[in-house]
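Those protein sequences? They're chains A and B, same order as listed. Sequential numbering from 28 applies to the first sequence in the working numbering. Sequential numbering from 5 applies to the second sequence in the working numbering.
What the hints contain is simulated information worked out from the structure, not anything from laboratory work. Predicted, not measured: the structure shown is a model, and the values here were computed from it. For each residue, glycine too, the CB sits at the ideal point set by N, CA and C. Any given hint could turn out to be false.
As a list, the in silico SDA-like pairs of lysine to any residue whose alpha-carbon atoms are at most 25 Å apart [unchecked claim]:
id, chain 1, residue 1, chain 2, residue 2
1, B, Lys65, A, Gln77
2, A, Lys36, B, Gly47
3, B, Lys53, A, Gln77
Distance windows between CB atoms, simulated [as the list claims (entries may be wrong)]:
id, chain 1, residue 1, chain 2, residue 2, range
4, B, Glu118, A, Lys84, 41 to 49 Å
5, A, Asn111, B, Glu118, 29 to 37 Å
6, A, Asn111, B, Leu50, 24 to 32 Å
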Amino acid sequence: DGGITQSPKYLFRKEGQNVTLSCEQNLNHDAMYWYRQDPGQGLRLIYYSQIVNDFQKGDIAEGYSVSREKKESFPLTVTSAQKNPTAFYLCASSIGGQPSFGEGSWLTVV
Amino acid sequence: AQSVTQPDIHITVSEGASLELRCNYSYGATPYLFWYVQSPGQGLQLLLKYFSGDTLVQGIKGFEAEFKRSQSSFNLRKPSVHWSDAAEYFCAVGGIAGGGNKLTFGTGTQLKVEL
Numbered sequence: 028d029g030g031i032t033q034s035p036k037y038l039f040r041k042e043g044q045n046v047t048l049s050c051e052q053n054l055n056h057d058a059m060y061w062y063r064q065d066p067g068q069g070l071r072l073i074y075y076s077q078i079v080n081d082f083q084k085g086d087i088a089e090g091y092s093v094s095r096e097k098k099e100s101f102p103l104t105v106t107s108a109q110k111n112p113t114a115f116y117l118c119a120s121s122i123g124g125q126p127s128f129g130e131g132s133w134l135t136v137v
Numbered sequence: 005a006q007s008v009t010q011p012d013i014h015i016t017v018s019e020g021a022s023l024e025l026r027c028n029y030s031y032g033a034t035p036y037l038f039w040y041v042q043s044p045g046q047g048l049q050l051l052l053k054y055f056s057g058d059t060l061v062q063g064i065k066g067f068e069a070e071f072k073r074s075q076s077s078f079n080l081r082k083p084s085v086h087w088s089d090a091a092e093y094f095c096a097v098g099g100i101a102g103g104g105n106k107l108t109f110g111t112g113t114q115l116k117v118e119l
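Excised from the complex, chain B in its bound form (with noise of 0.2 Å):
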């Protein structure tokens, strides 16, 4: 079965300062893996996905995320937050093999932004 873990819960960064929210995935083949932002109760924001190829791949907002196959992981990366980066974060990991492209969510991590 396929799972997703963002080990955490809550992360607090100062702005300007980089930041790194950790993604690890279990899948039987070759994921589509994805970031996606969501705002206070607000449906969700794709920020970027992987699908196959460059394993760095640039999304929206200057984030950045890099598909790391022997650590089964895919970690969003920004180099300098903004207070307006402050949300919530997912990780989700599907497929387009079997049952269609069923996306599993992590539990999410909560991105505040100290001014």
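Same shape as in the complex, but just chain A (with noise of 0.2 Å):
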């Protein structure tokens, strides 16, 4: 089946350390999103990318780094420069306008 397909489902790390979270579409959608979600605040974007090899900075890029490598992967990395990683991550993938969602990644600071 199509889809989008988020690991870990759950991650836990320890501050000071990068952790890397995957998101694999065969919708063979172009564009790619990463979205990070806080209780009471929705959803917020981090990264986009339209195309191949390109990338752009959402609106809380600080601390997090992706690549497009490959038109079905988008991996976000939360670096140790991210200080408060805490929080639950959604990937979408689009063509034509209309966003879908992976059933997200929760990450947990220990």
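Please assemble the complex out of the two chains, which come individually in their own frames, going by the hints.
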């Protein structure tokens, strides 16, 4: 079935460590996005990519990095520079203006 | 800059009652408008969308929404709520122009259904 797969579902990180969240899609969508969700704040855009080997910062890019080496993949790295990384992270992809979302990844700093 | 306001953080309705969730947006061109639903710890499921044409759009699970350009609103409605509709609902605005379809989300409305 076509869809967006995020992994891992749950991830714990020690302070000072970098972690990478995976996002893979087999929908043949050109655009991909990473959002962060915190209680009471809705979803905020971290990074997005419209084509392979190109990406742009969203509203809250500081402390995060991405790559887009393949159309199907858009991994997000949460670096040690992100001071408050505990959140729910959602990946999305779109074509023709309608994004579809993965099931999300929970990241907790311990 | 585009923005979305969902003025109601929490709403409680009785099962079988009607529902209206409010959404106001700001966007510099013709907007693409969306309503998503999210169950706890899950991703977002698209309920319905408006791109153009008929301003009353029908979605899944018996939901509908009406685009009112003069009021910059896109309110979500359901004539009779079921207990399984309890979830968080997000309104979003975006468009193809410029940097791809960057959706901007509202802060969400948590719906509680009383039996």
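Hints versus structure:
1. B:Lys65 / A:Gln77: Not OK: Lys65 (chain B) and Gln77 (chain A) at ~31 Å, beyond 25 Å, violated.
2. A:Lys36 / B:Gly47: With a Cα-Cα distance of about 11 Å, the restraint between Lys36 (chain A) and Gly47 (chain B) holds, given a limit of 25 Å.
3. B:Lys53 / A:Gln77: holds (21 Å)
4. B:Glu118 / A:Lys84: 41 to 49 Å: Between Glu118 (chain B) and Lys84 (chain A), where Cβ atoms are some 43 Å apart, the hint holds.
5. A:Asn111 / B:Glu118: 29 to 37 Å: Roughly 35 Å apart at Cβ, these two residues keep to the hinted range, so it holds.
6. A:Asn111 / B:Leu50: 24 to 32 Å: Once the Cβ atoms are compared, 29 Å apart, the range 24 to 32 Å for Leu50 (chain B) and Asn111 (chain A) holds.
In summary, the one numbered hint that this structure violates is 1.
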